[in-house]
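Participant: Chain by chain, the residues run as shown.
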Amino acid sequence: MGVRSQTLSGKPATFDAYYLADFRSLTWFAIRIGASSADEAEDAAQEAMRTVLLHWKEIETPYAYARTAVRCEVYRAKARAARRRDAEMRAAKQDLRQPQYPFEQDVTRVLTMLNALPLTQREVFALAMDGFEPSEIAGITGQNTATVRSNLRHARRKLMRLMQRSTTEATGREANDGP
Amino acid sequence: MDHDRTLDVELTQLLERASMSALTTLDARIDVARRLRDLRDDLEQETASRNGDAEKS
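For the record, the sequence lines run as chains A and B.
If you read the first sequence in our numbering, its first letter stands for residue 3, the second for the next number, and so on.
If you read the second sequence in our numbering, its first letter stands for residue 2, the second for the next number, and so on.
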């Protein structure tokens, strides 16, 4: 399931090599943990990369470091968006919260399912999808390893239920649409 | 038990398809080399600006 798993704990020879290898995956990670658009995710990844570049010499595990930084960026952007949305809702009295992604059906389905998880489960699952081990996820999120394992187990179980439900609903719709 | 195992496999396959599809979309959408140049240019400008300020003071 992970993007890769052998190099996650290593460090590429140069920052540029690391950037070219990880920028897209980091953007996809930002989307999975809740960035409200692909643009917002890309900006969060770029800001995280700036932090990585500034600290490149002392960073030992850039893949994990960048994900820690991108979490901060995404949550900062979400807080800003929430404040802006509140102001807009007060003005327009309508909900403008629909995320906007340029993705195909499987991706939007997965994002909808991930969105239904509590934040801590969503985060650890997104990191596991990138190939991080529970001990590495614990280092990034500040939870202990046993809690990470428990969150992963619960997240996976809930995602299985959600997937089954959405499949059943889609099948029901097709049956109702029939002749 | 078998049912859970089937669901588990289906979920893994769905997540893999979604990741591949998302990364393909992002690949077409993002010019990573340009973004890297932008980042380096921004930092160079910041550094030059800081050095200029330091020389003035």
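By construction, these hints were calculated from the structure, which means they are not laboratory data.
One or more hints might be untrue.
Unchecked claim - In silico contact screen, one side only, chain A against chain B (beta carbon under 10 Å); selected entries:
hint, residue
1, Glu44
2, Gln48
3, Lys59
4, Glu60
5, Ile61
6, Tyr103
7, Asp108
8, Val109
9, Met115
10, Asn117
11, Leu119
12, Leu121
Said to hold, decoys possible - Reference listing, derived: stretches of chain B covered by chain A, where coverage requires no fewer than 3 residues with Cβ under 8 Å from a Cβ of chain A:
hint, region
13, 7 to 15
14, 26 to 36
We put the beta carbon where it would ideally sit given N, CA and C, even for glycine.
Participant: Which earlier hints can't be squared with this structure?
Facilitator: Hints 3, 4, 5, 10, 11 and 12 are the ones this structure does not satisfy, whereas the remaining hints hold.
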